[in-house]
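Undergrad: Spelled out, the chains give:
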Amino acid sequence: MTTRVLVPSGVLGLGFDRKALARGVAMSPDIICIDGGSTDSGPFSLGAGQSKYSRAATKSEWRALMQARAEAGVPLVIGTAGTCGTDSTVDWMYDVTVELARELGQDLRIARLYSSQPVTRVAEALASGRVTPLPPAPEIRLDDLTNIVALAGAEQIQAALATGADIVIAGRTTDTATIAALPLSRGDAAGGVWHGAKIGECGALCSTNPTSGVIMVDFDDTGFTVEPLAEGARCTPHSVSAHMLYENSDPFRLYEPGGYLDVTGARYTALDDRRVRVEGSAWVPGPYTVKLEGARIAGYQTTILAILRNAHYARNAQAWVDRLTSFLQSEILTRMELAPEDYGLEFRLIGVNGALGVLETRSGDPVEVGVLGIITAKTQAEAAEIGKLINPFVLHYPLTDDEELPTFAFPYSPATTDRGALYEFALNHVMALDDPMSAFRIETTHIRSEVPA
Amino acid sequence: MTIGDLVLKVRSKNAGPFWVTIDVFCDRPDVFQRLSQGLATERVAVLFQVAPDQLKRFDIADLRVIKFSLPRPVVQGSAADRDMHGAQYAALLEELTID
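If you read the protein sequences in the order shown, they are chains E and C.
Numbering-wise, the first sequence is residues 0 to 452 according to numbering that gives the first Met the number 0.
Numbering-wise, the second sequence is residues 0 to 98 according to numbering that gives the first Met the number 0.
So that you can see chain C by itself, here it is in the shape it has in the complex (with noise of 0.2 Å):
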């Protein structure tokens, strides 16, 4: 199963040119519950392949969201960069398989 299954949705945008954030909106409580506990921060960085310590990590219960915020792999609108509004590193999140 995946956290797309799961949830209602994960949305990804930048954070000015230098950061993007992921948010997990989980809509139900259990949810909430079991992404919280079962996904693993570690994980997320591998995903995104990024250092842990640069990965900041909020767990909101009174919205049902888990958000993620990291240093952009690449700065927006760099010659490397391959998403101007880093919208899509969403997909990434939503299609990883969840316990």
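If we strip away everything but chain E, and leave its shape as in the complex, we get (with noise of 0.2 Å):
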């Protein structure tokens, strides 16, 4: 059977092309599906349990995918809700969802999906040897981890459409797993149609024209189609087989929940200038594992930045700052009795090797360079303390005992900014479930609006 999956772009919140999505709707899709995170912005929203992308934006663009939804009369699917996927997030996305609900006046059936990880079940499954390390992979501890969330696969997503949603709000998934649902539980090529989602999840990366957004992958029983479907924007073999290279390690394989995929033997082919049709991938069953990611509170940072525009400063910066850092440390360790092991102080010089650090191949001769201060700490009051004991100096130490004190552009004041807590990714681990559905929970609700007058 053909399943035919519209693909708005490949995450909430960046915008995609209006005209192409009504395109797509008009080409009557079987489903519409969105990826809503990524660990790709770093380990806060998952340590925080908060959505990177701002409410505004989220609600604009979900607004258009909700009334796409309504007029197509096929299910919604996001997944990853609001970044990271905790619950907080899926709870988040769901309150944004029945607020457009009661403003567009839909009558809607929601499932939401929950990934969140309670530390007693990991801990179990750790203890009973179905815990697995990924190279490489942190040593594992599990009790000062702020969120732990399980990447759900197909089959979870299956479950939450089995109830009969109009709009699924899925938790922490593999990015591919809203796209291969349906097509897999309409029995197209699995090989097929995991290389189709690994190839639609982030919309039109795949096309010559990566910020339009909206593509449509047809799955069938030997493979899949791609087409980009904004005005101009192409799918080329070579555009399309490129994208498996994208961040992702091994560009043959892919990893999801009970087997990988192997493009190895996947033949692509233009079918005329804008559409790729996509044979021989292969799916290869294995153990059902689930990805684990978690995250925990490293410590809380204050900053300072100081700009040193002065030729013999700038040219001698990595000696001032080591200079300099030796005298924090005793001055820390007087004024505050703490040792340097008990807090973090770097210095990094921008415009000398900020990007880079110790890899940096290049020198030059800077015209100036910023001097980004970090101070990692215990609690954020003593990281500020810190910061505040420290000021005067990143102002006005010198090179050398024997000149003027110098004074450096502070570009505000206070010349300190408290960052608040420093996340760490803490897992990166698959753990092993008999039932798929065994570390997840759907909820469903019934939304009644009344159509506005």
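What the hints contain is simulated information worked out from the structure, not anything from laboratory work.
All C-beta atoms, glycine included, are put in the ideal place defined by N, C-alpha and C.
Hints may be right or wrong, so weigh each one.
[To be verified] Under the rule of at most 25 Å between Cα atoms (straight-line distance), these lysine to aspartate or glutamate pairs were calculated in the DMTMM-like manner:
id : chain 1 : residue 1 : chain 2 : residue 2
1  : C       : K55       : E       : D39
2  : C       : K8        : C       : E41
3  : C       : K55       : E       : E359
4  : E       : K51       : C       : D80
5  : E       : K387      : E       : D341
6  : C       : K55       : E       : D261
7  : C       : K8        : E       : D321
8  : C       : K8        : E       : D341
9  : E       : K377      : E       : E138
[To be verified] Derived list of chain E stretches under chain C, where covered just means 3 residues or more per stretch with a C-beta under 8 Å from a C-beta of chain C:
id : region
10 : 29-40
11 : 202-208
12 : 350-358
13 : 416-425
Build the complex from these two chains, which are given one at a time in their own frames, with help from the hints.
TA: Encoded structure:
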């Protein structure tokens, strides 16, 4: 059976071409799927259980998709809702959805798929040998994690769709699961389904017009066909096959719950100047495992930024921060009774090696150097106190004892900024499940809204 | 001559929080051949200060792409991380000289 999946963009919150979306709706899709998140922006979202995208941007785009769903009369699914897909961000997305349902006068059945994991469940799985590290995994420590999620696969999305939901708001899922769920349940070829889902998960990134967002993927029993829907956008065998490289450490293999996709034998054919047909991808079934993600607070930070424009100091910036650091460590020890191992104090030289640190291979003669001081301490109060202590020295400390006190450029007042908690990723593991739903739960609601007069 | 002078594009990006992946888009078959044969994996390992057996390499003739994947030098978002998206690592390979 052919299954037509409309993907409006790679992620909700980045925008998409509204005309292309309308074109997609007119082509009678069987389902509309969009991703809501990623770990790509770092551990903050998961650690804090908050969306990285603004509520306003999310609501504006979700409104357009809810209208498209009503017009098409098919389910709308969002995976990894609210960037990280914790229970808190699923509920955040649900609030936005209920608010919009009332504003649009829509009558909706909503299924929420929850992916957050209680520590006790993961601890029990670990004790019974059902948690396996993936290289390079950090040492597992569960007691201080602020959030743990498991990445749902196609099975959990299928269960949510089976409730008869108009809208599925899913917590953490794999990037591909929402797209793969319906074609798999209708019996389309599994190799083609997972491959097409991977190609489709970033929207039009697999085309010549990446920012246009909207694509259509047609699945069947021998493979899939992908077509971008924006005016002038094209998919070519090269643009489609090259997408397997993207954010993927192995371009031929993609692990999912219950097996992996192998695209070694995939053949990419141009059907015309904008559509590409793909056949020959294989699905290799394996044990049913779900990937785990977790985050913890690794400290609290205060930052300070000074700019060295004076040529003598810009040229000798590294020597200056080395001398400054050792002076400050002794000041902090004397005045706050904190040894260097009790806190972190790092100065990064923007204009010298700010992005690459010790890996940097180039050197030059910078016009100016930004000195970004980063303090990491056990509490925010302690980080802020260290920031205030070092502030006058970052402003005035001399390169040698026998020169005048310099004064550098602070771009704002106060010179220090409290950044709040520093989160870190704490898991790179998979957890084996006997029943795919044993680590996930679904809640359904029916929103009855009056059509506005 | 640097790799950047020869190729269409060098791109790097996180592949999850623990890996970074670098794609060298050679564009032309002759450039792909030249790099595929002339760029030693050991040089790339030294560049990123990673053990050679930790560096995965894929030479994909159909796409004229050479891909390297390595455990991130520092875990994404950890206190020592300087580049949250890992997109600047590409500059090191782009600026590597090649015979």
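Undergrad: Run every hint past the structure and note whether it holds.
TA: So, going through the hints one by one against the coordinates:
| no. | hint | result |
| --- | --- | --- |
| 1 | K55(C) to D39(E) | 21 Å, holds |
| 2 | K8(C) to E41(C) | 21 Å, holds |
| 3 | K55(C) to E359(E) | 22 Å, holds |
| 4 | K51(E) to D80(C) | 19 Å, holds |
| 5 | K387(E) to D341(E) | 17 Å, holds |
| 6 | K55(C) to D261(E) | 17 Å, holds |
| 7 | K8(C) to D321(E) | 37 Å, violated |
| 8 | K8(C) to D341(E) | 44 Å, violated |
| 9 | K377(E) to E138(E) | 21 Å, holds |
| 10 | 29-40 | holds (count 3) |
| 11 | 202-208 | violated (count 0) |
| 12 | 350-358 | holds (count 6) |
| 13 | 416-425 | holds (count 4) |
The structure does not agree with the numbered hints 7, 8, 11 stated previously, though it agrees with the rest.
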